[in-house]
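Asks: Letter by letter, the chains look like this.
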Amino acid sequence: MRPDKIKFVKNGMLFLFILVVTILALNHLYISLVQHNLISYRKEVLYAEDLNTFKNKEIEFAFFGDSHATFAVNPLYINNSYNFGINHGNYIETYYKLRKIVEQDNLKVDTIFLELDLHTFSGTFNEPQDRFSNLEIAGEMLSLREISELREESWWSIIMERYFPVFGGGMSLTESVITKPKLTSLYFGWEKHTKDFSQLEDNTKKDYAYGKYNVHFGENPVRISKVPLIYFIKTLTYAKDNKIKVIFIKYPVSKEYDEMITNKNIQKEDYYTRIFAYVDEILGEEFVVLDYYGLFFDNPEYFNDDDHLNYIGAEVFSRKISEDLNSCIDEGPEMNKNVC
Amino acid sequence: MGGKPEYIILIMASTFINYIAGIGIGSSNIQKRKNIFLGISLFSNLGLLFGFKYFNFFSDSLRAILQQFSIQLNPITLKILMPVGISFYTLQCLSYTIDVYRGEIKPERHLGYFAVYISFFPKLLLGPIERAKNLLPQFYEKHYFDYKRVTDGLKLMLWGFFKKVVIADQLAISVNMVFDNIQDYTGTPLILATLFFAFQIYCDFSGYSDIAIGSAQIMGIRMMDNFNRPYFSRSISEFWRRWHISLSSWFKDYLYIPLGGNRVSVPRWYVNLLIVFIVSGLWHGANWTFIVWGALHGFYLIFEIITKPFKNRLLQITWMVRSPKLVQVLEIGFTFTLINIGWIFFRANSLSDALYVFANIFRGLSFNLLESGLGLGRLDFAYIFGIIGFMELIHLLQGRTQIRPFLSDKPVLLRWGIYVTMIVLILLFGVFDETEFIYSQF
Chain X
1 MRPDKIKFVK NGMLFLFILV VTILALNHLY ISLVQHNLIS YRKEVLYAED
51 LNTFKNKEIE FAFFGDSHAT FAVNPLYINN SYNFGINHGN YIETYYKLRK
101 IVEQDNLKVD TIFLELDLHT FSGTFNEPQD RFSNLEIAGE MLSLREISEL
151 REESWWSIIM ERYFPVFGGG MSLTESVITK PKLTSLYFGW EKHTKDFSQL
201 EDNTKKDYAY GKYNVHFGEN PVRISKVPLI YFIKTLTYAK DNKIKVIFIK
251 YPVSKEYDEM ITNKNIQKED YYTRIFAYVD EILGEEFVVL DYYGLFFDNP
301 EYFNDDDHLN YIGAEVFSRK ISEDLNSCID EGPEMNKNVC
Chain A
341 MGGKPEYIIL IMASTFINYI AGIGIGSSNI QKRKNIFLGI SLFSNLGLLF
391 GFKYFNFFSD SLRAILQQFS IQLNPITLKI LMPVGISFYT LQCLSYTIDV
441 YRGEIKPERH LGYFAVYISF FPKLLLGPIE RAKNLLPQFY EKHYFDYKRV
491 TDGLKLMLWG FFKKVVIADQ LAISVNMVFD NIQDYTGTPL ILATLFFAFQ
541 IYCDFSGYSD IAIGSAQIMG IRMMDNFNRP YFSRSISEFW RRWHISLSSW
591 FKDYLYIPLG GNRVSVPRWY VNLLIVFIVS GLWHGANWTF IVWGALHGFY
641 LIFEIITKPF KNRLLQITWM VRSPKLVQVL EIGFTFTLIN IGWIFFRANS
691 LSDALYVFAN IFRGLSFNLL ESGLGLGRLD FAYIFGIIGF MELIHLLQGR
741 TQIRPFLSDK PVLLRWGIYV TMIVLILLFG VFDETEFIYS QF
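Heads up: the sequence lines are chains X and A, in that order. Take 1 as the starting number for the first sequence in this note's numbering and just add one per residue. Take 341 as the starting number for the second sequence in this note's numbering and just add one per residue.
These are computed hints drawn from the structure, not numbers from a lab. We put the beta carbon where it would ideally sit given N, CA and C, even for glycine. The reader is advised that the hints may include incorrect statements.
[To be verified] Covered stretches of chain X (in silico footprint by chain A; criterion: 3 or more residues with CB under 8 angstroms from a CB of chain A, positions within the stretch not fixed):
{"no.": "1", "segment": "3 to 16"}
{"no.": "2", "segment": "142 to 156"}
{"no.": "3", "segment": "163 to 169"}
Work out the full structure: start from the sequences and follow the hints.
Replies: Structure below.
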């Protein structure tokens, strides 16, 4: 080999070594400073601790859903309950989460509460790339190969995201280094948020609602996407097979949000008719629907933003669920969709 | 823009036709035969370009024009994807046969070398649009491993990746958000998006050129420079000597000069300039926005030529000739503003969108960038302006010295520190979401 080539190979290897060490160090720093401060990760850590507090490893009421659930259901006011909601979650994650709880964590769940909001199955809200935002946690529930299929991304990119989350994460790392992260308080999966939507000006409220309309229904016009629907059906079937009761919740939203989606012609009745057709097919009459959609139209002070409850709203709402559950249970063991 | 495997046949056919045409022109002494072979080359190249790139545009435009006269027509629309790199390799084929026709080069008789000239991978997709007299002889040379040449090529590629992944793709997020939802914005976000687009398109395209030139350099092939710090231009004519140089020089050699260039009457000269820039605009894309962009630059140049004596007089009257630095800064600023006005047409999705920007760009101006509606925080702005500032600092340095030899003189620790930092910045701050190069759509 010519001296030039030898020099190139030697220097190249040394350079690569220095580069790899630098990247590994930064990756480690990112995982500890950014990834482990993410709410999804902290929830998992707390859940692992909370597991020991469940009597006989039994949970009576387990709440699943997206941020609507995580903001709204405070298990402090609902006896023997836990909030398994995931921010920007969907039925794919709900299915795998439920399976993990029952099969890996050996928890006995009596009743699951599933979110059935207007955006729950929308194409915009269920874009493949948004599925499983935290691969460290998702990796415990299913294989990276399965995640790559569900995310419609290459296995290679999933591997990189799982093991080298620092790639593309420079801004978050810089931010966490120069500012102290504000950590949201958590209790049994519930997130405490303290903003007061009623304090905002009317135009700002409308801007919020428009922004949320875009997040929920924006560019993709599909109202019921195929993959989340399949996993919704799988979740119901899994619940039925494991003798877990199912209660559906329509979470409260602000008047501004409702006005926005009404103006944008987002169909409500037709949507629910189609969804409940699937539910009827699997569960028959064996489910309950708690419709709180318009419950707080006149209480903007209960909201953190246009469609999420703040900590006061969460308390009122959770107490309300608790009361409604008591009345359901009082009326007999056989739950029926007309009861609550 | 499509990358269908069957489109390889197109480039193979194009290569073969131009190869035959080149030999036909070069081996014939009869002018008529030369003309026929040149005609075949022109017809095949322009036909390919028209069929795949412009047919639907002209078809739709014809329908729209006839509709104005209440004539209903349903013209044929082709449902085809534009083959990758077609705009670039057709120009390269054209320049080859025209050069052979002019007797500037001899025809290439080795089909393999000719095919490599057309499809040499670093420049196939987005140029630089290389001339045969520069590239073809290099394929015959023996290329030995050269440490300095290889590492220099790698450094250039690194700089290209930095510009593309760290700057261009980051800016693209805000630019796309605004220009794809243009009616949602007025004032500051429109200004910011336009400004960001200026740097996005520069970093995107010059980034690609650096990667292409650098990778060719590693293999021992020298390609022409495509950009030379264009935003430091003091006039529009200077801008076009610094921006997409391989295309500008192509249009100069194969369109502007054949039209008569500036060796004609003044009105005809202006018409020549306009023709060249309108065709250049059309080359960029089959859309009226590109045609207006091209025409606008043509008008800029004409305006520049007409006002040059007045400008010089004004500088003398105001004593500004005594402050050449100040004049330089003002000229750069003025030219940059004009270029940005052009970019609005270039980036807008339609002419009506571009006009919306002009109508609303100063409406509801706010100097609070954090409330600009781009969803960017303090840190994001610091980052964006920081990386643009860093790049321009490098450009300033480039104006005084050559960066790569400058770095070579520095201690190894410093040099390697810089390279590691650059790679780490690319990996950490890069946007890795399959963002295409802007010019790949052309």
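Asks: None of the hints should be skipped; say for each whether it holds.
Replies: Hint by hint, here is what the structure shows:
Counting residues of the segment 3 to 16 of chain X whose beta carbon lies closer than 8 angstroms to any beta carbon of chain A gives 5, which meets the minimum of three for the stated coverage. Counting residues of the segment 142 to 156 of chain X whose beta carbon lies closer than 8 angstroms to any beta carbon of chain A gives 0, which falls below the threshold of three, so the coverage claim is violated. With 4 residues bearing a CB less than 8 angstroms from a CB of chain A, the segment 163 to 169 of chain X meets the requirement of three and the coverage assertion stands.
Hint 2 from the list above is the single one not met by this structure.
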